[in-house]
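Asker: Single-letter residue listing:
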Amino acid sequence: MSAVLVALPKYLKIYRVSLTERLVYRADFFLGTILRFLPTVTTILLWEAIYEGSKKDELGGFKRDEMIAYLLLVHVSRMFSSMPGLAYGIARDVRDGSLKKYLLQPIDMIAYLVAYRGAHKTAYIATTALPYALLFFLFRAYFPPFPDALTLTGYVVSLLLAFLIGFFFEASLGMMGFWFLEVTSLLYIVGAINFFVSGQMLPPDFVPKPWSDVLKALPFKYLAYFPAMVFLGKVRGWDLVYGLVAEVAWAACFIVLARLLYRWGLRRYSAYGG
Amino acid sequence: MARYLRLLGALARYGLARELAFRGNLIAKVAVEGLWLAILLIFYLTIFQNTSSVAGWTEDRYLFFVGCYFAMAALVETFFLSNCNEFADLVRSGDLDFLLLKPIDEQFLVTCRSIDWSTAPNVLVGAAVMVVSLWRMHWPFDPLRLGLFVAMFLCGLGLAYGFLLLLTSASVWLVRNQSLYELWWLFSSLMRYPREIFQGRIVTPVGWFFSFVVPAMLVISVPADVMVNALDAKTVGFTAAATVVLLVVSRKVFRLALRRYRSASS
Amino acid sequence: MPIIEAVGLTKTYRVAQKKEGFLGALRGLVRRQYKEVRAVEDVSFAIEPGEMVAFLGPNGAGKTTTLKMLSGLIYPTRGEARVLDFVPWERADAFRRRFALVMGQKNQLWWDLPAADSFQLHREIYSLPLDQFNQTVGELTEMFGVGDLTRQPVRELSLGERMKMELIAALLHRPQLLLLDEPTIGLDVVAQVTITKCLKEYNAHRGVTMLLTSHYMRDVEALCKRVLVITHGHLIYDGALSGITEQFGRTKLVKLQFLGETTPEGLDEYGEVTERVGPAASLKVDRARVPEVLGAILERYTVVDMSVQDPPLDQVIAHVFQEAAKQMAPV
Numbered sequence: 349m350s351a352v353l354v355a356l357p358k359y360l361k362i363y364r365v366s367l368t369e370r371l372v373y374r375a376d377f378f379l380g381t382i383l384r385f386l387p388t389v390t391t392i393l394l395w396e397a398i399y400e401g402s403k404k405d406e407l408g409g410f411k412r413d414e415m416i417a418y419l420l421l422v423h424v425s426r427m428f429s430s431m432p433g434l435a436y437g438i439a440r441d442v443r444d445g446s447l448k449k450y451l452l453q454p455i456d457m458i459a460y461l462v463a464y465r466g467a468h469k470t471a472y473i474a475t476t477a478l479p480y481a482l483l484f485f486l487f488r489a490y491f492p493p494f495p496d497a498l499t500l501t502g503y504v505v506s507l508l509l510a511f512l513i514g515f516f517f518e519a520s521l522g523m524m525g526f527w528f529l530e531v532t533s534l535l536y537i538v539g540a541i542n543f544f545v546s547g548q549m550l551p552p553d554f555v556p557k558p559w560s561d562v563l564k565a566l567p568f569k570y571l572a573y574f575p576a577m578v579f580l581g582k583v584r585g586w587d588l589v590y591g592l593v594a595e596v597a598w599a600a601c602f603i604v605l606a607r608l609l610y611r612w613g614l615r616r617y618s619a620y621g622g
Numbered sequence: 003m004a005r006y007l008r009l010l011g012a013l014a015r016y017g018l019a020r021e022l023a024f025r026g027n028l029i030a031k032v033a034v035e036g037l038w039l040a041i042l043l044i045f046y047l048t049i050f051q052n053t054s055s056v057a058g059w060t061e062d063r064y065l066f067f068v069g070c071y072f073a074m075a076a077l078v079e080t081f082f083l084s085n086c087n088e089f090a091d092l093v094r095s096g097d098l099d100f101l102l103l104k105p106i107d108e109q110f111l112v113t114c115r116s117i118d119w120s121t122a123p124n125v126l127v128g129a130a131v132m133v134v135s136l137w138r139m140h141w142p143f144d145p146l147r148l149g150l151f152v153a154m155f156l157c158g159l160g161l162a163y164g165f166l167l168l169l170t171s172a173s174v175w176l177v178r179n180q181s182l183y184e185l186w187w188l189f190s191s192l193m194r195y196p197r198e199i200f201q202g203r204i205v206t207p208v209g210w211f212f213s214f215v216v217p218a219m220l221v222i223s224v225p226a227d228v229m230v231n232a233l234d235a236k237t238v239g240f241t242a243a244a245t246v247v248l249l250v251v252s253r254k255v256f257r258l259a260l261r262r263y264r265s266a267s268s
Numbered sequence: 318m319p320i321i322e323a324v325g326l327t328k329t330y331r332v333a334q335k336k337e338g339f340l341g342a343l344r345g346l347v348r349r350q351y352k353e354v355r356a357v358e359d360v361s362f363a364i365e366p367g368e369m370v371a372f373l374g375p376n377g378a379g380k381t382t383t384l385k386m387l388s389g390l391i392y393p394t395r396g397e398a399r400v401l402d403f404v405p406w407e408r409a410d411a412f413r414r415r416f417a418l419v420m421g422q423k424n425q426l427w428w429d430l431p432a433a434d435s436f437q438l439h440r441e442i443y444s445l446p447l448d449q450f451n452q453t454v455g456e457l458t459e460m461f462g463v464g465d466l467t468r469q470p471v472r473e474l475s476l477g478e479r480m481k482m483e484l485i486a487a488l489l490h491r492p493q494l495l496l497l498d499e500p501t502i503g504l505d506v507v508a509q510v511t512i513t514k515c516l517k518e519y520n521a522h523r524g525v526t527m528l529l530t531s532h533y534m535r536d537v538e539a540l541c542k543r544v545l546v547i548t549h550g551h552l553i554y555d556g557a558l559s560g561i562t563e564q565f566g567r568t569k570l571v572k573l574q575f576l577g578e579t580t581p582e583g584l585d586e587y588g589e590v591t592e593r594v595g596p597a598a599s600l601k602v603d604r605a606r607v608p609e610v611l612g613a614i615l616e617r618y619t620v621v622d623m624s625v626q627d628p629p630l631d632q633v634i635a636h637v638f639q640e641a642a643k644q645m646a647p648v
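Protein sequences appear in the order of chains P, A and R. Anchor point for the first sequence: position 67 equals 415 in the numbering used here, and the numbering is continuous, going up by one each time. Anchor point for the second sequence: position 68 equals 70 in the numbering used here, and the numbering is continuous, going up by one each time. Anchor point for the third sequence: position 94 equals 411 in the numbering used here, and the numbering is continuous, going up by one each time.
Bear in mind the hints are in silico, worked out from the structure with no lab data behind them. You can trust all of the hints, since none of them are fake.
In silico DMTMM-like cross-links for lysine to aspartate or glutamate, where the CA-CA straight-line distance does not exceed 25 Å:
#1 K403/P <-> E198/A
#2 K423/R <-> E21/A
#3 K104/A <-> E407/R
#4 K423/R <-> D99/A
#5 K104/A <-> E397/R
#6 K557/P <-> E406/P
#7 K104/A <-> D429/R
#8 K104/A <-> E441/R
#9 K469/P <-> E184/A
So, partial list: chain A residues that the calculated Cβ filter (under 10 Å) puts toward chain P:
#10 G26
#11 N27
#12 I29
#13 V34
#14 L37
#15 W38
#16 F45
#17 I49
#18 A57
#19 S191
#20 L192
#21 Y195
#22 E198
#23 G209
The beta-carbon is built from N, C-alpha and C at its ideal position, and this holds for glycine as well.
Extracted from the complex, chain P is given alone in its bound form (with noise of 0.2 Å):
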């Protein structure tokens, strides 16, 4: 625990350090914002007229308000858990060598790695912070009462923990990069799947048992669907303590497996040369 201290304001400069340089891209800031919300303006539209033309109040479970306040709450939910570049970034450094810069100092590459998105996802939700609350202000009527304080807590609890099971499953699979040479079609492919079964896409409640089941056993729910469903109120009680529950357990599970990656990747790296 003291090395852990002792470590920290290490860390913290990382982090103050990738912070700026986030800032220096500014063109970059302004534009992506705007053009972020796009899709889900989109795709909010089309379940509007799904809705409409199926003249049912209610689908999947969903009703057409909560449906909207939904695809909004899984921007949220991806806002912490999405790691674009994490696992392709890893294996291009073990692939091309400059893996070594962090063997040969004093740095721990997980450590820093989660500094430095830390501070690039801090830098993005600081700036989107603002549209975001308009577009949530404007679609405000869509929205379920607002969640009491224990049901807040929960949801702040699994965005952390979203952030950083989405980080350890990126950095585990960035890790193939110690055992494969390409790992780009891997990524794809997880990429493709991801975006259907974290539930961005659609709730799985949609999906005909079991597979809907299946889904939701995955711990692929807890980077979008989990908690945009917290937040909507649709899961309470001792299922949301469960559910909590289950997402630590899930995220140090990948926080292991991303660490005992590393060091077997290690050990096979420093054996084959770099």
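Guided by the hints, dock chains A and R onto chain P, whose structure is given.
Answerer: Relative to the frame of chain P, chains A and R by itself:
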């Protein structure tokens, strides 16, 4: 001209030879594309399990729309997308110079340099889906409609290409451009659904914007409309005109970008 | 009629200044500061057809920028040029067919395919008739001695072999002018020598005008009689290679062999002693003082053998660059 077509043929042949050298990777990419199509089809089926029409599009007609989308997106991804994405790197590394030295139109080289064969099968899949949907709705064969469809499909392709070219040219001015793949994903998300979904007080103007100012939503909607829904001469005319305008404007912007590159590079 | 004519070529451009630290980056979001860089300043020269001319200069001197302006890749800020009777930056198709630019350490060929395939693509791009193309390929592969290597993927070739392929590709369309930017950089000695030999042969054989930038004196001495020296964007010399030493050489090397076992004391009075081996010594002496120094030494010591030489060319050049750098040090 014939010369450019021959060159394109040569580029396609050598591109294929190069991809086949990495067979495993190619197969994986094709598999992923197949997986993605499967997901979109599952989505489509799920929707129509719950409703019988979406913004006036019934199940079979919507399937035609989906097939049209597959084919169009696949054409853009096969011929243009990876080339345009590389442009930012070429600008940064200065390797764009090599393209500028050749006695070939720069726009052609930048946008058509290599062919991504992994998405090529999707064009056929998209066409197959369209054929299946036509068969299911017992579509009466109408050569006029078919001809108009092909024309509008090409216009849609032209619109998508023009937009892609504008985005590509932007890399010269923006120091670090958003990955073009991301921007293409955004554009293609606009064209993924029928534009009729933009109903309602607030969104109709937005729909209007993306149909007539930034004509993203016309790309698939119009050809699909022409084939399976009622014909609307005004929209068809507008689409054709918009395509021409966009192609001309995007070419001008591209040349401007090259000028800027050549003034700023060292 | 000169094949290249440059008059007052100038290129300056603005570079955005990045501020340090967190607050600086924040400020940079709102307002940017720019610095002016003068890459090329008022450069004028003329080159006749068939000449082989070298551009010498330290890194960042403006050699590559000048070459790029002559290729039409960059617009000059001021000045004019005519190359092959075209204005280069108008980039007429006919112009682009008549010259070639090769850059060292940069690859134009397709990485994963054999060079032969890249050559075929080249043929399509330049619309070369098949029989002429085949003949040219045969000639060039023989001259460069690459033979079967054209069937191997480019990524499997050594650096030197790759460079030869690049040169072949550049010469396929029989350009009248060949521009080379550091063609032998990073290559081993054998490859360097082969390439310079081939270039010289090609120039003699076909009368192709060549303009190359380099900072390898060996290449320059082997290939070019005429040299343009550029430092900090300014052209400071344009003439024969041999003339450089005369114009810029400040010192001469005096080699002395004394009677006896060792060199005597007190030699440093006359100049900088660069070497002492047994009874032999080398002395760097100011040009102007050479006669007086020789006289003094011959009087004072017993000299068995002596010679007066020019210092090696690269030393002279290096000295020139250093001097120029000091003169034009940034404010």
